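Generate coordinates for the entire structure from the input sequences, incorporating the hints supplied.
Here is what each chain is made of, one letter per residue.
There are 2 protein chains.
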Amino acid sequence: MNIIQGGVCAATGFKANGVHCGIRKNHSKKDLALIVSEKKAAAAAVYTTNLVKGAPLLVTKRNIADGFAQAVICNSGNANTCNANGIEIAEAMCDLVEKQVGVAASDVVVASTGVIGQPLDITPIAGGMDALAEGLSAENGSAAAQAIMTTDTVPKEIAVEFTVGGKVCRMGGIAKGSGMIHPNMATMLVFITTDCAIAPAMLQKALSKDITKTFNMLSVDGDTSTNDMVTVLANGMAGNEEITAEGEDFTVFMQALNTITVSLCRMIAGDGEGATKLLECIATGADDEETAKICAKSVICSSLLKAAMFGADANWGRVLCAIGYSGAKVDVSKIGVKFRSAKGEITVCENGAGVPFSEEIAKEILLEKEIDILISLGDGAYGASAWGCDLTYDYVKINGDYRT
Amino acid sequence: MNIIQGGVCAATGFKANGVHCGIRKNHSKKDLALIVSEKKAAAAAVYTTNLVKGAPLLVTKRNIADGFAQAVICNSGNANTCNANGIEIAEAMCDLVEKQVGVAASDVVVASTGVIGQPLDITPIAGGMDALAEGLSAENGSAAAQAIMTTDTVPKEIAVEFTVGGKVCRMGGIAKGSGMIHPNMATMLVFITTDCAIAPAMLQKALSKDITKTFNMLSVDGDTSTNDMVTVLANGMAGNEEITAEGEDFTVFMQALNTITVSLCRMIAGDGEGATKLLECIATGADDEETAKICAKSVICSSLLKAAMFGADANWGRVLCAIGYSGAKVDVSKIGVKFRSAKGEITVCENGAGVPFSEEIAKEILLEKEIDILISLGDGAYGASAWGCDLTYDYVKINGDYRT
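Protein sequence lines correspond, in order, to chains A and B.
For the record, in the first sequence the residue sitting at position 327 is 338 according to this note's numbering, with numbers rising by one throughout.
For the record, in the second sequence the residue sitting at position 193 is 204 according to this note's numbering, with numbers rising by one throughout.
Hints may be right or wrong, so weigh each one.
In silico lysine-lysine, DSSO-like type, Cα no more than 27 Å apart, as pairs [claimed, not checked]:
no., chain 1, residue 1, chain 2, residue 2
1, B, Lys-224, B, Lys-380
2, B, Lys-36, A, Lys-345
3, A, Lys-72, B, Lys-408
4, A, Lys-349, A, Lys-380
5, B, Lys-36, A, Lys-408
6, A, Lys-374, B, Lys-36
The set of hints was computed from the structure by calculation and includes no laboratory data.
Bear in mind that the values here come from a model prediction, so they are computed numbers and not experimental data.
Set out below in structure tokens:
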């Protein structure tokens, strides 16, 4: 498994592009992305569990119901959610793709991200299609990654190379997500492409299984978005024998997918709105996986712990407090807590009580950009990781006046 | 039901005081409170559901297991939680009360609030007892209210007068709470006193019923504290016939209690860490009470909505989003949203979609200090309220470096 360049176009047969079409006021910000596969691809997706669902999700769900898709169109700047004509606009976006690049509208994945509840005008999108299609290229994955950004400060892309059935396969992905991130059975916008041949049912199985340990263990602010979606397109152009069941090939595919999704999770958490630090909470010693997940996620979601991490304050009591109210059944008297970073590791709590430690060394460790919070829950064999970020002045600033 | 002066000493037979004994470094901040009833009182309490429980809660639970208590001692500056000798120290605090004012240690409610996981030294408390007892007076309820404050910016006290069985009764309360507030079946520190005669079982019933609509509908930051506790002492000195069953008297008692608890909820929410605004979300039109409660609380807990309120931004999409992920079963297409304050009321969403509104008027309404978020969920007959506050730079500042 090697990390490679190329992002969402790393896999054979995928082209992409991103342009500024005018949905966003700022001309220097791209706002329309297109990804096209040379061949029709197996498609899988997971969606937000929010009862309020963006119109594009409903159209996408219908379009990939047969297990296949060939293109992705996505705009930023407007979520096309809670609008009376949302479905109509999402369908119009698919029609524009058909007209421009010849992929059937019913094979298009459509997504929107941005402000909720403001009508989305199709005019700038229609006006931008020529430039968008003209620039489609296997070298323009980064343009697509840029065009789906909202409050993200950096584009998020990753790709890997792996071998299935003796054939070299590639998989890449892009993601957007910075605020309103607390996925629950689905997540922010993530588009993954691969040339590995895999049956639609197995692709969906791989994705649904993977997100329970990746995107569902990620939280920036506890708010589950209305437009979350992760999709994978697998066009089979690597030439491997199609994966149609579990087995060695499926395991390798799952590993490749997990490498992509964990990388994107870390990128999203580290670029959380206003974040200065990427936090990873690693729970071990649990009696079952669910307990480890609940504890790790509760810690990563605690506003108080997040603020303490911003201040590089080794306030481990807040870690215990968050485990205590998580709902997980744990023996508090067995809990241990350590903080770790590139500067080292420090034990701050053992057997549910504080241990003497150097505040100076703790501060030095916590001033780093990437912090691991290690919680040991007992003698059990299960563990889990969750990702998040610190809570900062800038989170408040960004969200105090997002619309205007 | 009249609001009166006197706080926790408004009821006949209660004296209180608060002093600086030295737990807190800042000499201008009181850190030790004592409330004493002339007669033994019926006692009821509810406690945090956090699995990590402060040692004082365990001692209090044991002491009021027989349904009676006569005094409350509470320190601020240290939570006496996650300490190896926590129980020992909490018991020593009760012993000090017995020695100083003659109330049996087993009739003392003991509480602590402050940093978790730092050993609590009994020395300053023992040293402060003389001054604490000397100043006990029916005029010093405010001193007790001050002594239990941590990051609170204002003391919180309230009292009411009501009539039961032809006798004038009084009830008063004090509260502390500003951060780590997301009560769940119990809440921050609240001490309520009354001279109304009521049997312990009925007192517990009244309290347990009340908090489901008051303190459990309050959230500052989503973190459920380890030391939350609400206690009520009822010494019967008003001379009314003891309330031993449901009926008219019990109903009046419940109303008095509710007036106290709603007032304290509003004070706590309005003084939330860093808060500039008190938010109340009022849900109506639900098919059952639980649905109304879930929706109101989800809105009040949303970091994004809280930040938008800080910025006086009428971002109603975040209200819909929070209802959508709350887990409540609602018909999104029926949801309406209005914002209201002393400056007026504005409709921003009807039937699940945005309606045109004046951003200027919305801004004017949202610039006020007290904001109501009115959500209409349909044609049902049930409603609920939840209280919270905005998310501000100062919340981050306060919690980025709380310990040092």
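Verification of the hints:
no.: 1; hint: Lys-224(B) <-> Lys-380(B); in the structure: holds, 23 Å
no.: 2; hint: Lys-36(B) <-> Lys-345(A); in the structure: violated, 32 Å
no.: 3; hint: Lys-72(A) <-> Lys-408(B); in the structure: violated, 43 Å
no.: 4; hint: Lys-349(A) <-> Lys-380(A); in the structure: holds, 16 Å
no.: 5; hint: Lys-36(B) <-> Lys-408(A); in the structure: violated, 33 Å
no.: 6; hint: Lys-374(A) <-> Lys-36(B); in the structure: holds, 22 Å
The structure shown violates the earlier hints numbered 2, 3, 5.
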